[in-house]
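> Sequence lines, in order, name chains V and B.
Everything in the first sequence is counted per our numbering, starting at 9 for the first residue and increasing by one.
Everything in the second sequence is counted per our numbering, starting at -17 for the first residue and increasing by one.
Mixed in with the good hints there might be a few duds.
Straight-line Cα separation of at most 25 Å, DSS-like style, residue types lysine-lysine; simulated pairs [stated by the list, open to error]:
#1 B/Lys(-3) - B/Lys261
#2 B/Lys(-3) - B/Lys11
#3 V/Lys31 - B/Lys339
#4 B/Lys317 - V/Lys14
#5 B/Lys112 - B/Lys237
#6 B/Lys339 - V/Lys14
#7 B/Lys5 - B/Lys261
#8 V/Lys229 - B/Lys(-16)
#9 B/Lys237 - V/Lys334
#10 B/Lys375 - B/Lys339
#11 B/Lys74 - V/Lys14
#12 V/Lys334 - B/Lys208
#13 B/Lys(-16) - B/Lys213
#14 V/Lys334 - B/Lys382
#15 B/Lys375 - V/Lys334
#16 V/Lys229 - B/Lys213
In silico negatives: residues of chain V with every beta carbon more than 12 Å from chain B [said to hold, decoys possible]:
#17 Val16
#18 Pro26
#19 Ser28
#20 Arg157
#21 Cys288
#22 Lys334
If you're looking for bench data, these hints aren't it; they were derived computationally from the structure.
In this text, a Cβ means the ideal position worked out from N, Cα and C, and glycines have one as well.
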Amino acid sequence: MANNNKWVISGAPHVHGPESVTKIMWGVVIALIPAFLVSFYFFGLRALLVTFVTVVSCLFFEVLINALFFKRPGTLRDGSAMITGLLLALNLPAGIPLWMAAVGALIAIGIGKWAYGGLGSNPFNPALVGRVFLLISFPVAMTTWTLPRPLFGGGFLADAVTGPTPLAIAKEGLKAGQSVGDVMSQLPAYSDLFFGNMAGSIGEISAIALLIGGIYMLCRKIITWHIPVAFLGSAFVFAGILWCCAPDKFMDPVFHLLTGGMMLGAIFMATDMVTSPMTCGGKLIFGCGCGVLTILIRTFGAYPEGVSFAILIMNAFVPLINRACKPERFALAK
Amino acid sequence: MKTFSIGGVHPHDQKLNTEAPAKVLPLPKQVCVMVSQHLGAPSQPIVAKGDKVKVGTVLTQNDAFLSAVVHSPVSGTVNKIADIPDASNYPKPAIFIDVEGDEWEESIDRSPEIKREITLDGPAIIQRVKEMGIVGMGGACFPTHVKLMPPKDAKAEFLLLNGVECEPYLTCDNRLMLDHAEEIMIGATALMKALNVSQTIIGIEANKPAAIKHMTEVAAGFAGIKVQPLKMKYPQGAEKQLIKALTGRAVPSGKLPINVGCVVDNVATCYAVYQAVQKNMPLVQRMVTVTGPEVPEPTNFWARFGTPVSEFIAAVGGLPENTGKVISGGPMMGKALCSDEASSVKGMSGILILPEKQAHRREVYPCIRCGKCVEACPMGLEPYLIASSAAVKDFGLTEKARVMDCIECGCCQFTCPSNRPLLDCLKIGKATVGKIIRARNAK
Chain V
9 MANNNKWVIS
19 GAPHVHGPES
29 VTKIMWGVVI
39 ALIPAFLVSF
49 YFFGLRALLV
59 TFVTVVSCLF
69 FEVLINALFF
79 KRPGTLRDGS
89 AMITGLLLAL
99 NLPAGIPLWM
109 AAVGALIAIG
119 IGKWAYGGLG
129 SNPFNPALVG
139 RVFLLISFPV
149 AMTTWTLPRP
159 LFGGGFLADA
169 VTGPTPLAIA
179 KEGLKAGQSV
189 GDVMSQLPAY
199 SDLFFGNMAG
209 SIGEISAIAL
219 LIGGIYMLCR
229 KIITWHIPVA
239 FLGSAFVFAG
249 ILWCCAPDKF
259 MDPVFHLLTG
269 GMMLGAIFMA
279 TDMVTSPMTC
289 GGKLIFGCGC
299 GVLTILIRTF
309 GAYPEGVSFA
319 ILIMNAFVPL
329 INRACKPERF
339 ALAK
Chain B
-17 MKTFSIGGVH
-7 PHDQKLNTEA
3 PAKVLPLPKQ
13 VCVMVSQHLG
23 APSQPIVAKG
33 DKVKVGTVLT
43 QNDAFLSAVV
53 HSPVSGTVNK
63 IADIPDASNY
73 PKPAIFIDVE
83 GDEWEESIDR
93 SPEIKREITL
103 DGPAIIQRVK
113 EMGIVGMGGA
123 CFPTHVKLMP
133 PKDAKAEFLL
143 LNGVECEPYL
153 TCDNRLMLDH
163 AEEIMIGATA
173 LMKALNVSQT
183 IIGIEANKPA
193 AIKHMTEVAA
203 GFAGIKVQPL
213 KMKYPQGAEK
223 QLIKALTGRA
233 VPSGKLPINV
243 GCVVDNVATC
253 YAVYQAVQKN
263 MPLVQRMVTV
273 TGPEVPEPTN
283 FWARFGTPVS
293 EFIAAVGGLP
303 ENTGKVISGG
313 PMMGKALCSD
323 EASSVKGMSG
333 ILILPEKQAH
343 RREVYPCIRC
353 GKCVEACPMG
363 LEPYLIASSA
373 AVKDFGLTEK
383 ARVMDCIECG
393 CCQFTCPSNR
403 PLLDCLKIGK
413 ATVGKIIRAR
423 NAK
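All chains should be built: construct the whole structure from the sequences, respecting the hints.
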């Protein structure tokens, strides 16, 4: 009798699994470490500086928006603002002016996330909203790419040299009427593309680093295989069909997989839980849509790169996909 | 190894002190027997204050088809009939009996010999099961004789016995299978006779290797009974999931196991059927697991119904100092008790004592739409959708999202990284939609 009033009364279940939002968010951070190491290796301290600015800005705007509009302390503990900052940095060129990076963070957190009601309510990936805003507003700064310079190759403190990304080389070359063969001769070798020795945004350059992060997230069950496989697979198949039809007009599918934001998009951006479908079937459709749209934009659109746009467009379809793709029911009434 | 196909979670099984032998809980000074201990129409007491009763004296009556009677679990004098809070903290009528000695009705065979030969025929077995107040002892308390009388258009092909015990912590079915395997087999044979089926499959999860081994050995001596080990996965003990795991058949939405030719009973029910059919013994006691991470010696007790929870707690040395929550049943589906005055009933398989640090729910975060609840749902539902529609009272959508298929297993809430109270919302949605459907059908 003595303890009766102290007993906690709550509904079942009375135990909880090991999953938590915090664990998921930190899991993503750990998965990003290889990509950041590679970018530090190729772009030096500047890459870390941009990352620092986006992360701090995202955290700051998160607190500010909460204080101004919701009159409450920030929601930093869920870790989502930090992830948005990290992902935004990965999508920016290393040489971007730092104030622009901060503006990107404001748009990502303010428009991408809180305008819709905060974590869990945003239809579009906040980091990509920030990136696309910057791309449209500051096209020059956003397409001035630092050329990679290995950390131990000397010239660590020398002025950065800029140059086009492989995708831009391909786009311009093919537009100017060069054959695929001519274009290929101007590109780094595929092994360089695989390890990240090319111009590009901070986090997208190294396919191998991103794959390692992806495998880590798969093992931790933070993501499922459906979106990355559907994204990369459909892009590979679609680009492959185009290439087979006219091998001297279209780049080959391996090139598409290794360049630009393909890996970053497929593994880290499209798999954002909030803005991707719920069911496995839905995730496959979503991934395929992203892959096909990316190749469409890259080969027939005005921009050399289409991953961000493709993901944002497919984000808009997620509510519809969720309606159409229901999980496998236990058994339906006969 | 077999298991069910969709969803499910893997909570740590926490089967503590499984080697310990079962003990008999001493008779309390007073028992408090709930008048209705079954699913269906409530019963009426047929004894009055001052009546003398023996163990096995019928205490209640009920003319409804879906009902079960209650027998006195002790001998003594009826003290009063009054409402007390049950495990859900709703006041329900109960018969208070002051215990005097331990005198049993003469018709009950209390000899320790195992009686193997079944002399009763099918209808007589069903009648006996009904008279002895047998209900499903897995927790739902569905009257067992009703399951033995399938509708005319349905034919039972399998008797499935549930020895899964997928709830963490609970070990009473495991103990029962180790101690009374032969009685369970005889009970199963009686049920097969009543149902006129020739096959029984006993499902036991892989975390009980000793029970699997022992039951398999004993089953070899009985025709038509086999033991099927099952891969560990919660909620395998749920009826539809167990049928799927053992036979591969799926009970359609809104249908009963008998619609796919199956009758499912718990091993504890089966043991009670043996006692009823072979020994003429009504359901007056059961095995109850008293356990918890801080309980010094978790033990299985044979206890009469109506024993207050406080007696069980005293029998394991009192409440640990840091107790924060006491649960009737297992941690996944059990009910948090608000008082140790609640008394044991036919469906109470365990008393789980959780320390303060495990008693509280975690901080709730916004839904991040990760889809883990969808992945975990063993019925293939979308818990996030049902829960959010019920929370905003859009019960039309709640119904369309198939809330009535929910088996309330709690996998969704268990797995939710945002710690959202999904099952709370699902239960509210299910109850409300159930009312709406009944009102619609009544028109």
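> Provide an ascending list of the numbers of those earlier hints which the structure does not satisfy.
1, 2, 10, 12, 17, 18, 19, 21 and 22
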